[in-house]
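S.K.: Sequence:
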Amino acid sequence: MDFRALALPSEPAEYLLSKAKVALSPGIPFGAAVGSGFARLNFATTRAILDRAIEAIAAALRDIID
1 MDFRALALPS EPAEYLLSKA KVALSPGIPF GAAVGSGFAR LNFATTRAIL
51 DRAIEAIAAA LRDIID
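Quick note: the sequence shown uses UniProt numbering, first residue 1, plus one each step.
One thing to keep in mind: the hints can contain errors.
Below are the DMTMM-like pairs computed for lysine to aspartate or glutamate, each with C-alpha atoms no more than 20 Å apart in a straight line [to be verified]:
1) Lys21 x Asp51
2) Lys21 x Glu55
3) Lys21 x Asp2
4) Lys19 x Glu55
5) Lys19 x Asp2
6) Lys21 x Asp63
7) Lys21 x Glu11
Keep in mind the hints are simulated off the structure, nothing from the lab.
Construct all of the structure, not just a fragment, from the sequences and the given hints.
M.R.: The structure is reproduced here in structure tokens:
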């Protein structure tokens, strides 16, 4: 996921783990030059867990946007 436009105070995976309690894979290991500002979400889970994770991410990002 591309978080570059949000000007997060830290890398997206780090920020969302802290604020939303959702563990994402940092984008940097997938390419240091282009991975900054990106994170990956693993979809290998139940729909209910995925829904809760997405809601938690959205709530944490609303704090930045609002």
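S.K.: Check whether the Cα positions of Lys21 and Glu11 lie no farther apart than 20 Å.
M.R.: holds (14 Å)
S.K.: Is the Cα-Cα distance between Lys21 and Asp51 20 Å or less?
M.R.: holds (14 Å)
S.K.: Decide if the proposed pair is consistent with the structure: Lys21 and Asp63, CA atoms, cutoff 20 Å inclusive.
M.R.: holds (14 Å)
S.K.: Take the C-alpha atoms of Lys19 and Glu55, compute the straight-line distance between them, and say whether it is at most 20 Å.
M.R.: At roughly 12 Å apart (the allowed maximum being 20 Å), Glu55 and Lys19 satisfy the hint.
S.K.: Do the alpha carbons of Lys21 and Glu55 lie within 20 Å of each other, as the hint requires?
M.R.: Given pair Lys21, Glu55 holds - Cα atoms ~11 Å apart, limit 20 Å.
S.K.: Sort out whether Asp2 lies within 20 Å of Lys19, counting only the CA atoms.
M.R.: The given pair, whose Cα atoms are some 17 Å apart, holds under the 20 Å limit.
S.K.: Straight-line Cα separation of Lys21 and Asp2 no greater than 20 Å?
M.R.: holds (19 Å)
Checked against the numbered hints listed earlier, the structure breaks none of them; every hint is satisfied.
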